[in-house]
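S.K.: These are the residues of each chain, in order.
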Amino acid sequence: MKLHLKIWRQKDANSKGQMVDYPLNGVEEDMSFLEMLDVLNEQLISKGEEPIEFDHDCREGICGTCSLMINGRAHGPDTRITVCQLHMRSFNDGDEIVIEPWRAKAFPVIKDLIVDRTAFDRIQQAGGYISVNTSGNPVDANAIPIEKDVADQAFNAATCIGCGACVAACKNASAMLFTSAKVSQFALLPQGQVEATERVQNMVRQMDLEGFGNCTNTGACEVECPKGISLENIARMNREYLNAAVKA
Amino acid sequence: MGILDSKVPSGPLADKWTNHKNHIELVNPANKRNIDVIVVGTGLAGGSAAATLAELGYNVKTFCYQDSPRRAHSIAAQGGINAAKNYQGDGDSVYRLFYDTVKGGDYRSREANVYRLAEVSTNIIDQCVAQGVPFAREYGGLLDNRSFGGVLVSRTFYAKGQTGQQLLLGAYAAMNRQIQRGKIQSHTRHEMLDLVLVDGKARGIIARNLVTGEIERHSAHAVVLATGGYGNLFFLSTYCMGANVMAAWKAHKKGAFFANPCFTQIHPTCIPVSGDHQSKLTLMSESLRNDGRIWVPKRLEDAKAIREGKLKPTQLKEEDRDYYLERRYPAFGNLVPRDVASRAAKERCDAGYGVNKTGEAVYLDFDAAIMRYGREKALTSGMKDADDKTVRKLGEEIVEAKYGNLFQMYEKIVDQNPYKTPMMIYPAVHYTMGGLWVDYNLQTTIPGCYAAGECNFSDHGANRLGASALMQGLADGYFVLPYTIGDYLSNDIRTGKIPTDSPEFDQAETHVRERLEKLMSGKGEHSVDYYHKKLGKIMWNKCGMSRNAKELQEAIDEIAELRADFWENVRVPGTADSKNQELEKAGRVADFLELGELFAKDALTRNESCGGHFREEYQTPEGEALRDDENFTFVSAWEYKGEPKDAVLHKEELVYENIEVKTRSYK
Numbered sequence: 001m002k003l004h005l006k007i008w009r010q011k012d013a014n015s016k017g018q019m020v021d022y023p024l025n026g027v028e029e030d031m032s033f034l035e036m037l038d039v040l041n042e043q044l045i046s047k048g049e050e051p052i053e054f055d056h057d058c059r060e061g062i063c064g065t066c067s068l069m070i071n072g073r074a075h076g077p078d079t080r081i082t083v084c085q086l087h088m089r090s091f092n093d094g095d096e097i098v099i100e101p102w103r104a105k106a107f108p109v110i111k112d113l114i115v116d117r118t119a120f121d122r123i124q125q126a127g128g129y130i131s132v133n134t135s136g137n138p139v140d141a142n143a144i145p146i147e148k149d150v151a152d153q154a155f156n157a158a159t160c161i162g163c164g165a166c167v168a169a170c171k172n173a174s175a176m177l178f179t180s181a182k183v184s185q186f187a188l189l190p191q192g193q194v195e196a197t198e199r200v201q202n203m204v205r206q207m208d209l210e211g212f213g214n215c216t217n218t219g220a221c222e223v224e225c226p227k228g229i230s231l232e233n234i235a236r237m238n239r240e241y242l243n244a245a246v247k248a
Numbered sequence: 001m002g003i004l005d006s007k008v009p010s011g012p013l014a015d016k017w018t019n020h021k022n023h024i025e026l027v028n029p030a031n032k033r034n035i036d037v038i039v040v041g042t043g044l045a046g047g048s049a050a051a052t053l054a055e056l057g058y059n060v061k062t063f064c065y066q067d068s069p070r071r072a073h074s075i076a077a078q079g080g081i082n083a084a085k086n087y088q089g090d091g092d093s094v095y096r097l098f099y100d101t102v103k104g105g106d107y108r109s110r111e112a113n114v115y116r117l118a119e120v121s122t123n124i125i126d127q128c129v130a131q132g133v134p135f136a137r138e139y140g141g142l143l144d145n146r147s148f149g150g151v152l153v154s155r156t157f158y159a160k161g162q163t164g165q166q167l168l169l170g171a172y173a174a175m176n177r178q179i180q181r182g183k184i185q186s187h188t189r190h191e192m193l194d195l196v197l198v199d200g201k202a203r204g205i206i207a208r209n210l211v212t213g214e215i216e217r218h219s220a221h222a223v224v225l226a227t228g229g230y231g232n233l234f235f236l237s238t239y240c241m242g243a244n245v246m247a248a249w250k251a252h253k254k255g256a257f258f259a260n261p262c263f264t265q266i267h268p269t270c271i272p273v274s275g276d277h278q279s280k281l282t283l284m285s286e287s288l289r290n291d292g293r294i295w296v297p298k299r300l301e302d303a304k305a306i307r308e309g310k311l312k313p314t315q316l317k318e319e320d321r322d323y324y325l326e327r328r329y330p331a332f333g334n335l336v337p338r339d340v341a342s343r344a345a346k347e348r349c350d351a352g353y354g355v356n357k358t359g360e361a362v363y364l365d366f367d368a369a370i371m372r373y374g375r376e377k378a379l380t381s382g383m384k385d386a387d388d389k390t391v392r393k394l395g396e397e398i399v400e401a402k403y404g405n406l407f408q409m410y411e412k413i414v415d416q417n418p419y420k421t422p423m424m425i426y427p428a429v430h431y432t433m434g435g436l437w438v439d440y441n442l443q444t445t446i447p448g449c450y451a452a453g454e455c456n457f458s459d460h461g462a463n464r465l466g467a468s469a470l471m472q473g474l475a476d477g478y479f480v481l482p483y484t485i486g487d488y489l490s491n492d493i494r495t496g497k498i499p500t501d502s503p504e505f506d507q508a509e510t511h512v513r514e515r516l517e518k519l520m521s522g523k524g525e526h527s528v529d530y531y532h533k534k535l536g537k538i539m540w541n542k543c544g545m546s547r548n549a550k551e552l553q554e555a556i557d558e559i560a561e562l563r564a565d566f567w568e569n570v571r572v573p574g575t576a577d578s579k580n581q582e583l584e585k586a587g588r589v590a591d592f593l594e595l596g597e598l599f600a601k602d603a604l605t606r607n608e609s610c611g612g613h614f615r616e617e618y619q620t621p622e623g624e625a626l627r628d629d630e631n632f633t634f635v636s637a638w639e640y641k642g643e644p645k646d647a648v649l650h651k652e653e654l655v656y657e658n659i660e661v662k663t664r665s666y667k
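Sequences listed follow chains S and R, in order. One point on numbering: in UniProt numbering, the residue at position 144 of the first sequence is 144, and numbering is uninterrupted. One point on numbering: in UniProt numbering, the residue at position 127 of the second sequence is 127, and numbering is uninterrupted.
Do not rely on the hints blindly, as some may be mistaken.
Here are the computed distance ranges between Cβ atoms for each label pair [as the list claims (entries may be wrong)]:
| hint | chain 1 | residue 1 | chain 2 | residue 2 | range |
| --- | --- | --- | --- | --- | --- |
| 1 | S | Val139 | R | Asp646 | 21 to 29 angstroms |
| 2 | R | Glu411 | S | Val194 | 35 to 43 angstroms |
| 3 | S | Arg239 | R | Met371 | 40 to 48 angstroms |
| 4 | R | Gly642 | S | Val194 | 54 to 62 angstroms |
| 5 | S | Ser131 | R | Lys651 | 43 to 51 angstroms |
| 6 | R | Gly141 | S | Asn137 | 38 to 46 angstroms |
| 7 | S | Ser15 | R | Ile493 | 47 to 55 angstroms |
| 8 | R | Ser381 | S | Lys2 | 49 to 57 angstroms |
| 9 | S | Arg103 | R | Gly404 | 26 to 34 angstroms |
| 10 | R | Ala564 | S | Pro23 | 30 to 38 angstroms |
| 11 | S | Ser131 | R | Gly496 | 29 to 37 angstroms |
| 12 | S | Asn14 | R | Ile493 | 55 to 63 angstroms |
| 13 | S | Glu28 | R | Met371 | 35 to 43 angstroms |
| 14 | S | Ala13 | R | Gly524 | 23 to 31 angstroms |
Chain R residues, not near chain S, derived (Cβ > 12 angstroms throughout) [as the list claims (entries may be wrong)]:
| hint | residue |
| --- | --- |
| 15 | Gly161 |
| 16 | Leu168 |
| 17 | Gln180 |
| 18 | Ala243 |
| 19 | Thr282 |
| 20 | Glu624 |
| 21 | Glu639 |
In short, the hints are calculated from the structure, not lab data. Ideal Cβ placement from N, Cα and C applies to all residues, glycine included.
The following block holds chain S by itself, in its conformation from the complex:
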């Protein structure tokens, strides 16, 4: 098939960017979206032009590196997948496809379609852990039985891949879904109780410091999340936060 691509090009963080048109022929249905961009880049290189830079790594939907807005949607038109799992059979011959980086103040552009998501790391560093040293002699793993439903809920929250689609999809560029997923995982598990108060306060404080917007319950984050992280996590984090405030 033949496509009309419109792609955001930006030399570096300090330069001004712009949309550039790239027509592309010979795209096959079985190609993944990123393989389609590989083909375009090969053509650009052979013409002596600089290829389009985009973040990607595992190409199987789990590392959370790839991050493209495609026709205004985070990770493109299909749901419950990342860009690297999107295939060209989701498009038609002659389609115009607009490709942009994640748009959020807290995710500044590094080059072309690549953004800086270290704000997410700093939120995790603020409290996304259980303070236990490696010793080789903690209690036996089966000493604390955990109800299967609770363990499954914690697991579901823990499947967040930190891609940032929730922020990109949100009109306020809020990071509530991302932050709440980690808060929820630990709030649900007995191991996480000891530090629950500090954790939610520290992580929310860091989230605000990074310049993410507020949550106004539009739910766009849940719709676009490739792992289907539920809005319930935001509700749980709000409850945790309130409890922490009362305790403090």
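Position chain R against the provided structure of chain S, taking the given hints into account.
M.R.: Below, chain R without anything else, positioned relative to chain S:
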């Protein structure tokens, strides 16, 4: 052969590790604060090592090429992690895990290392649960287990098909805690371009900031390499796109021996190649072989009709299907080890029974499992006379709960529904057992340079068992390296900070800059990917699932030729002093073009078949691998001498005192 001292402690096997820990030197807490350690790579091995070293009090600097440690490719491991907990009461023990691993590795791994691995495996599960890793649980609230290939017990802990993700996020969280305490300085989007030796000891690295292109010097008292495997040598593999051998290869060029480079794991259950544009292959977890049955048509004409789209697999009657693994290996059936399953698939496809357009695919069928689970569920729900449709629906729900994310992944890529029609699979490069040679302390042949996880060669011999990569990564990082490295660092308590303005750092940086310039100055005929794909084709066709002397020699010549062409004609656009993904790729492919030749040379030298290394000249009349224990019970450790063809072989003889070396049989 004095240099290849494996430093395995004396004494009975079961006491070696404990005795060793009791006798090695320690560094007191106040002195640890004056000692710096660099950790390159932040996957399971690097992340867990960095966190633990920082907890102990060392100043740790981590480096990864990804934008966050959370993205390392350990995250993609699906099926699970082994541990000798014996929670299922099915007769598992440390000894049995040790035995299975040595046997699975076809008697080409070091006994003492493997025993230690099995010994600390139980600690890993305790540690991870304490960190809040949400493993799968049973209704009683206790941890669940499943079975993997090559074993007869259920010792695999898992978190759906995302076990690697959950374990990595556990190690990442442990790192984050230390970053917050200021004990780890994390350098993301950085790539190590060289190792710096001072007085023969590893004392730092030269790294490139991948965002700005700046070349940086970092010093430390020891350097830990945990940079994973080199399977991307084959271009198409289940590795992530960025996986590379650069750090390990630079260390090799500075004196670290490279062990068993030709021991590669080709995983039997991957989604088959669909076309030339393909950039990577996707694994379907081995756990699927718990329930999926592998088959091809019995008759050639049926296979042909299926390839031409005239016949559907579901139309083929039970008696017209060849469940070749169950036929050839009745004891282990579909759960034979990976090397055996991969070769069996290739054998059937080479004989003309392949089932997709390219003729390189076999079926993995869940129909029997869906009906079996469905009937059981119907009975336990009180539906004695449930019809087939209801049973199927119930069964599909259970299969979805077990493997839902894998089935979804398959459907998104292939556009077929695996609940309704069997999956198509074919082997693909997945893991490398070879790597930097290390002694019992995980130290390479360079003093102060350590290697952990897939980056080293130590535990899996010639074939790795499923769910053992996660185990080894975390064993090395949490429980082995943080202690053994103290023995070395105890000599550095008076050394003080290592300066970065020494002639050794100057020289290393100059060398790095020259190489980058050279990469940028190719005449510009072809892109980096052009060369990578060509190399991949040579590797897959001549150094892949089966090898012979003639083709290996051809591979050696062709790779050397391709390497010369690369340096002459590669085209790298952009500049070296800014973000440049093509330049990053070029540096990685340049290393693969050297390693590839050593790989072929290693395979040519090993005149036997063992594990993942199958030499056509050495097989039984039934086509099984024929090992030569008399002449090849050793580790091949290669010393760099300039061109790959000049590499010098050193042997570490393998001694089995606690296990009887037998022909590996899964029949």
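S.K.: For which of the previously enumerated hints does the structure constitute a violation, in increasing order of number?
M.R.: 1, 6, 12, 15, 16, 17, 18 and 19
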